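Q: Chains as they are written, first to last, in the working numbering: chain A, 10 to 294; chain B, 403 to 569.
Please keep in mind that the hints were generated in silico from the structure rather than gathered at the bench. Only a predicted model underlies this, so the values are computations on that prediction, with no experimental measurement involved. Heads up, a few of these hints could be off.
Stated by the list, open to error - Here are the simulated DMTMM-like pairs of lysine to aspartate or glutamate, each with C-alpha atoms no more than 25 Å apart in a straight line:
#1 A:K194 x B:E527
#2 A:K38 x B:E527
#3 A:K95 x B:E529
#4 B:K406 x A:D125
#5 A:K194 x B:E529
#6 A:K194 x B:D473
#7 B:K406 x A:E149
#8 A:K194 x B:D446
#9 B:K497 x B:E559
#10 A:K38 x B:D446
#11 A:K233 x A:D101
#12 B:K406 x A:D101
#13 A:K38 x B:D473
#14 B:K460 x A:E85
#15 A:K194 x A:D125
#16 B:K460 x A:D36
#17 B:K406 x A:E87
#18 B:K460 x A:E35
#19 B:K460 x A:D197
Stated by the list, open to error - Label pairs and their calculated CB-CB ranges:
#20 A:P13 x B:L489: 36 to 46 Å
#21 B:C445 x A:L161: 20 to 30 Å
#22 B:E529 x A:A14: 34 to 44 Å
#23 A:K242 x B:A556: 26 to 36 Å
#24 B:C445 x A:P269: 25 to 35 Å
Positions of the beta carbon are idealized from the N, C-alpha and C atoms, including for glycine.
What follows is each chain in one-letter form.
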Amino acid sequence: MIPPAFEYMRPNTIPEAIALLQQHGEDAKILSGGQSLIPMIARPAYLVDINRISGLSYIKEERGFLRIGGLTREAELESSPLVRLKYPILLDTAHVIADPQVRNLATVAGNLAHGDPANDHPATMIALGAQVVATGSAGERIIPIEEFFLSLFSTALQPGEILTEIRVPVPTVKSGGAYFKLERKVGDFATAAVAAQVTLDASGAVQKVGIALTNVGPTPIKAKKAEDFLRGKKLDEATVRQAGQLAGDEAQPSSDLRGPAEYKKGLVKELAKRALSRAAERAGR
Amino acid sequence: MATKQMVRVKVNGRDREAQVEPRLLLVHFIREVLQLTGTHIGCDTSHCGACTVVLNGKTVKSCTMFAVQADGGEILTVEGLMQNGNLHPLQEGFKQEHGLQCGFCTPGMLMSSYVLLHNNPNPSEEEIRRGISGNLCRCTGYQNIVGAVQFASAKIEQGKMAEGVAK
C-alpha cells in the first residue's frame, strides 16, 4: 500500500536518534525492521530510521546475560550457534515468526516494542524472565519484561526511548525451554502459542518455571497459576496435564477468524503440555 | 510533500540513482523509476513474496521496505539472473520441470531459491520448502518448484565438477 507522506530521518548514533524522537514526540515513530510498521495503515508524520546506527546488532553472553542488540534480526537468531546450543526456545520462536524474507529484516526488539499480543517473542521473553534496556535522554533504564506490555499495542517505552538491548538470564544447568505455536499457514499469527522455560533441581523437581501465552488476550499472558502449581513438583505426565489445564484457564481469548474462544483455550491447554514436556526433555529431566 | 531524498543503489551490477519521496516503496522504485518490471507486486501486504528481491545478499519483500532504506545497497532482481545470454540454472530448472504455470510468483520464487542455493548448494526437500515458505504459488502446488530447485542444484554441482576437470 502506498503510505501517506512522511519526513524520513536517518540518524547515525543513538543520541541523534533520541534527539529526533524527543523533538517530534508523539508524531515520530522508530523505523527498525519495519515489517509490522510498514504494512500498517496508521502512519506517523516522522519516521526515524535507526537501521544505520552501528553497534546495535549482536548476540552475546556477557555478565550473566544473553544480550540481544536492539537491531538484531530474527534471521540472526536462527543462524546463531550460541542460540542453537543454549537457547533452543529462542530458535523455536524465530523459526515460526512470519517467513524467511520477513525474518531477514524484522528485529527481535521490534517484535517486543510493537506491543502486539499476536507477536511471538513477548511470550518467549516472559517465560525466560528477560529484561529490556530502554535508552532515552536520561540514559538507560532497565524494564523487567513482565512490566513491559501495558495493553494492546502499548508498552512501557516512552516516546523518546529506544529499546537498545534485550537481556536473558544465562540458564543454569538442568534448564530447558520450548515454544509451541499453532498457525493456519506459514507466516500467519498464532491461533495460540505457549512458551515454557524450566530449571530442575538435582532430584528433577521444578525449581524455576516461566510459562507465557501468545495471542489469547490483549497482552501476552504470564500463566502464573500454572507456574505456581509446578514449583517443587516433578514433571510427570499428570502434573504436566494439570499445568496445561491451569494455563488454558488463564487464557483470555476472543472468538475470531482463527477460531472460537473455547477452542483456543483447549489449544493452550494442549500446547502448554507439549511445551512443558519438550522443555523438561531439554532440561534433561 | 515531504522532502525528497537521494537514493543510490547498485542494481544488477549497474549504479542507479534517483531523488524520491521517502514514502516510495522499494518495489515501486524498482518497477517505475528503474523500469525493471520483472519484480511483481502481488498482495502489497507482505504476505505473498512476489516482490522478493535480493538486497545485500538477503531476500527482502520490496513492498515492505522504503526505497530510501536501500540507499547504498546492492540489489539483485530477476533481470540480473541471466548471465552472458544464458539462463541461470534456476531459470532453466523452472522451465524444464514446469515450475510455473501463470508465472506471477516466479520472479520472487527465483530470488528466494537463488539465495537458498547460494547459502546451501545441496538443500534437502524440506530445506527447499522452508526456503520458499515466504513465497505463495497458486498454480503448481509447489511440487514442481521443489523439482526445479533440485534441478538447478544438480546442474550447478555438475558445472562445478566440469570446471574442476577442465582445470
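Q: For every hint, state whether the structure bears it out.
A: Hint-by-hint comparison with the structure:
For the given pair, A:K194 sits about 18 Å from B:E527 by alpha-carbon distance, which is consistent with the 25 Å threshold. For the suggested pair A:K38 and B:E527, the alpha carbons sit about 41 Å apart, so the restraint of at most 25 Å is broken. Proximity of A:K95 to B:E529 is assessed by CA-CA distance (about 23 Å); at most 25 Å being required, the pair is judged to hold. Annotation: proposed proximity of B:K406 to A:D125 is violated, straight-line Cα distance about 32 Å (limit 25 Å).
A distance of roughly 17 Å separates the Cα atoms of A:K194 and B:E529; the hinted pair therefore holds under the 25 Å criterion. Among the hinted pairs, A:K194 with B:D473 is inconsistent with the structure: their alpha-carbon atoms are about 33 Å apart, more than 25 Å. Between B:K406 and A:E149 the alpha-carbon distance is near 34 Å, which puts this suggested pair outside the 25 Å criterion. A distance of roughly 18 Å separates the Cα atoms of A:K194 and B:D446; the hinted pair therefore holds under the 25 Å criterion.
Among the hinted pairs, B:K497 with B:E559 is consistent with the structure: their alpha-carbon atoms are about 18 Å apart, no more than 25 Å. Note on A:K38 and B:D446: the hinted pairing holds, with a Cα-Cα distance of about 22 Å set against a maximum of 25 Å. For a cut-off of 25 Å, the pair hint linking A:K233 to A:D101 stands: about 22 Å separates their Cα positions. The suggested pairing of B:K406 with A:D101 is violated, with an alpha-carbon distance near 41 Å, which exceeds 25 Å.
As the CA atoms of A:K38 and B:D473 are separated by approximately 20 Å, the hinted pair is consistent with the 25 Å bound. The suggested pairing of B:K460 with A:E85 holds, with an alpha-carbon distance near 12 Å, which does not exceed 25 Å. As the CA atoms of A:K194 and A:D125 are separated by approximately 19 Å, the hinted pair is consistent with the 25 Å bound. Straight-line distance between C-alpha atoms of B:K460 and A:D36 comes to about 31 Å, which puts the hinted pair past the 25 Å bound.
With a CA separation close to 36 Å, the supplied pair B:K406 and A:E87 exceeds the 25 Å bound. Proposed proximity of B:K460 and A:E35 is contradicted: the alpha carbons are some 33 Å apart, above 25 Å. Straight-line distance between C-alpha atoms of B:K460 and A:D197 comes to about 22 Å, which keeps the hinted pair within the 25 Å bound. The hinted window of 36 to 46 Å between A:P13 and B:L489 holds, with their beta carbons roughly 41 Å apart.
Separated by about 25 Å at the C-beta atoms, B:C445 and A:L161 satisfy the suggested range of 20 to 30 Å. One distance hint, 34 to 44 Å for the beta-carbon pair B:E529 and A:A14, holds here, with the actual separation near 42 Å. Distance hint check: the CB atoms of A:K242 and B:A556 are about 54 Å apart, inconsistent with the given range 26 to 36 Å. Separated by about 27 Å at the C-beta atoms, B:C445 and A:P269 satisfy the suggested range of 25 to 35 Å.
Checked against the numbered hints above, the structure breaks hints 2, 4, 6, 7, 12, 16, 17, 18, 23 and satisfies the rest.
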